[in-house]
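Chemist: Here's the letter readout for the chains.
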Amino acid sequence: MRFIAGLVAVALAAGSAFAQEGRRIDALTVALISDIRSSNPGVNRDANSDTVLHHVVEGLVAYREDLSVAPMLAQSWQVEDGGKTYRFRLREGMTFHNGAPLTSAEVVWSWRRYLDPKTLWTCIRFFDGSQGPKVLDVEAPDPRTVVFRLQEASGLFLIAMANLQCNAAILHPDSLAADGAWRAPIGTGPYVFRDWQRGRQVELARFDGYRPADGARDGMAGAKLAHAARLRFLAIPDASVMKTALLAGNVDVVPVLSPNDIDDAKARGIQVSVQSTLAWQVMLMQTLDPVLADTRIRRAIAHAVNLREVAQSLSFGLAGPNPAAVPLASPYHTDAFATWPAHDPAAARRLLKEAGYAGQPIKIQTSTRPGGYFDAAVMIQAMLADVGINAQLETLEWATQLQNYNQGKFQLSSFVYSSRLDPAFSYSSLVGDKKRFPFIQWDDPESNKLLDAAKLSTDPAERGRVFAELHRRMAEAVPILGIYNPVEVTAAGPKVRGYKTWPAGNERFWGVWKE
Amino acid sequence: MLSYILRRLAFTIPTLLLVAIAVFTLVRLIPGDPVQLMLGDAADPAQVTEMRRALGLEEPLPVQFALWLSKVAVGDLGNSISNGLPVLPLMIERFQVSGVIVLLAVLCAALIAVPAGLLAAWRQNQPLDLAIVTGATMLLSIPTFWLGLLLLLLFGLKLGWLPVVGYVPFSENFGQALLYIVLPIVTLTMVEIGVMTRMSRAAAIDVLRLDYVTHARAKGLPERRVLMRHVLPNAFAPTWTLIGLILGNLLGGIAVLETVFTLPGLGRLLVDSIFARDYPVVQGCLLFTALIYVLVNLVVDLCYPLFDPRVQAE
Chain Z
1 MRFIAGLVAV ALAAGSAFAQ EGRRIDALTV ALISDIRSSN PGVNRDANSD
51 TVLHHVVEGL VAYREDLSVA PMLAQSWQVE DGGKTYRFRL REGMTFHNGA
101 PLTSAEVVWS WRRYLDPKTL WTCIRFFDGS QGPKVLDVEA PDPRTVVFRL
151 QEASGLFLIA MANLQCNAAI LHPDSLAADG AWRAPIGTGP YVFRDWQRGR
201 QVELARFDGY RPADGARDGM AGAKLAHAAR LRFLAIPDAS VMKTALLAGN
251 VDVVPVLSPN DIDDAKARGI QVSVQSTLAW QVMLMQTLDP VLADTRIRRA
301 IAHAVNLREV AQSLSFGLAG PNPAAVPLAS PYHTDAFATW PAHDPAAARR
351 LLKEAGYAGQ PIKIQTSTRP GGYFDAAVMI QAMLADVGIN AQLETLEWAT
401 QLQNYNQGKF QLSSFVYSSR LDPAFSYSSL VGDKKRFPFI QWDDPESNKL
451 LDAAKLSTDP AERGRVFAEL HRRMAEAVPI LGIYNPVEVT AAGPKVRGYK
501 TWPAGNERFW GVWKE
Chain U
516 MLSYILRRLA FTIPTLLLVA IAVFTLVRLI PGDPVQLMLG DAADPAQVTE
566 MRRALGLEEP LPVQFALWLS KVAVGDLGNS ISNGLPVLPL MIERFQVSGV
616 IVLLAVLCAA LIAVPAGLLA AWRQNQPLDL AIVTGATMLL SIPTFWLGLL
666 LLLLFGLKLG WLPVVGYVPF SENFGQALLY IVLPIVTLTM VEIGVMTRMS
716 RAAAIDVLRL DYVTHARAKG LPERRVLMRH VLPNAFAPTW TLIGLILGNL
766 LGGIAVLETV FTLPGLGRLL VDSIFARDYP VVQGCLLFTA LIYVLVNLVV
816 DLCYPLFDPR VQAE
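Line by line, the protein sequences give chains Z and U. The first sequence: position 393 = 393 (the numbering used here), numbered continuously. So the number in the numbering used here is just where the residue sits in the second sequence, counting from 1, plus 515.
Think of the hints as simulated: they come from the structure by calculation, not from any bench. In this text, all values refer to a predicted model and were calculated from it rather than measured experimentally.
In silico DSSO-like cross-links for lysine-lysine, where the CA-CA straight-line distance does not exceed 30 Å:
id, chain 1, residue 1, chain 2, residue 2
1, Z, LYS500, U, LYS673
2, U, LYS586, Z, LYS118
3, Z, LYS353, Z, LYS409
4, Z, LYS118, Z, LYS434
5, Z, LYS514, Z, LYS266
6, Z, LYS435, Z, LYS134
7, U, LYS673, Z, LYS495
8, Z, LYS514, U, LYS673
9, Z, LYS266, U, LYS673
10, Z, LYS84, Z, LYS118
Please take these sequences and the hints and turn them into a complete structure.
Modeler: In structure tokens form, the structure reads like this:
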């Protein structure tokens, strides 16, 4: 019996290996909307850089598809000392692209580099005590163990460590030149950073020494099977050229397809994916503004806007509304987050009258940046005008609008928050001290306490309750008008197999092949 | 002649200094912060300040200008804020892409437009003239990006003869490089043919009315000789000036064309840098463009006596 079971196991393994071998292809060509900013993970980054570098480097932990945190280079971890100490055990047999074995020494070196302010790591704020726990030290008691000591317990430590934008990759020290200048990433990922022709393309080559983790591909975690020997990322700034290149077979996957083109693309055999993202389209409200300081005016605005109509119009019918900072794709999202002042123009007029609104102009800042900023502003302006609000559009260039956002210089502003993988990060941009951080939307002491509680807790149920309470309070005070989580429409050529999008948005090309 | 060239080159220094002051001031007058753009909407104010300090953006503007100018004087245009790369090699690398395309396109356009304009003038108000003028006007009216996209659809998608995206430098693979730049060159050539043909025709019409042309014809010279010997050289001078202006203009950047054909040229670098508020790159590109403009016009002026002996470089 044991012999037969052994034979079956061998046959299955051989079959799987044969299937994997059959999926091996020479190259996969992927479009990016612009060139990467640098090859230095988490330091000089944008979404394109993150997408490319996540194929090259890995961190101790990573996000699963359901947005929970899983081990990656760590095999496991233990939380000790009441949440103030994290002890990571590293996976065995992992090597860097230069052939050196992964040990705790490289982990300590990488983290000490990130925690040095001179590195200019974009996420240092989550680990230096300003927006997360303060990491006191990182130690390596033995070659396979790494210990992080925190000043205080925090529910955000692992979440921030897995953050895609932070990309807290474990690098080999040879990634830096002798003088400390950045050279190129030497990581442990399934692909090696081979060639970067600036403004044109980045080419990655399969790392034959890679040992995939156990389990299936799962977000940024799980097995990363590099079927393509080469991954080419081409910078194509124009969406119509991108589509033409896909149809001509010059690229295999494009990250952006206009919803208008979905039917045409499908008719030509293109595989289209529609994914709700973690980004959040909103209308910011300046609660310190003399007119908008009155909660009744803000509630009137909420009653005036038909969120469903705006969301469906902006997404070409592909998405519904979400007034909450907790994204629809988040495991924390429940029906409690649908609570919001209903679309009721009569109620809006009544509230305006109560507040003594006398037609004072309210400016809506917007820009023509792709992403529906302008369209949302136009629709909302019309809905506000319908209830008697004198809303005026002010169209700015994106850099100006972003500066005004950071300085709190607006009345209303049509805006899109980039993806936050945990609701605590979303609420951190909304709730807090407005005097210290002008971009904060709402300075409410009770909500500040709730947010602090969410940051400390590691219990998902407890965190869910706190987020729901935060939303309930926001639905009453309406310090911001949440509209929806934008959808991402991506497209792959007819022969591409295994390509799958996920809520975090960052594309993955391990496990992808062509027939 | 040499002293004339040196004098002209010396005049470029105050011009470039004025350009440097104007560019430095104007770029900083535009609202928007490069560091905030880099860090996005999740930026921490303390981090923004730290990064601004590291990039030298916290210094007073006059100090920043003096530092930048002192570096420019020794040929160092600084480093890009976005990617940390030195600006001068970055610009030169990008200029090579734009330069090859512009030079070849303008050459092709001139080779087609000048004879076409001459023919149109020679057959003024006749069907050939009408056909050429109509064609030139149509080409003048077509937006570059639209023509480029149409050519991409036809030759890249429909016929599959040429690649839709990508670029290969000539130094890497000559044959492949040709394949990738054929469509950009054809597009730019077609657009520039329109304006050059109109200028060439207008200049040739003026010359054809002059007494010495009538005299040449009266002597019994064949029409071909009249056109090539007496009309073309005299009618070419204004077109040559126009070619100089077009060259200066296009060498400064063909951003739209570079976007449509995904070419890593100078125009795209400049546009991307403006959106990213990458001050050193914007300043470097504009200074470089001004220098190119001055040099191209100097070359045009120096060549002028070749076409019109009445003009002396001195």
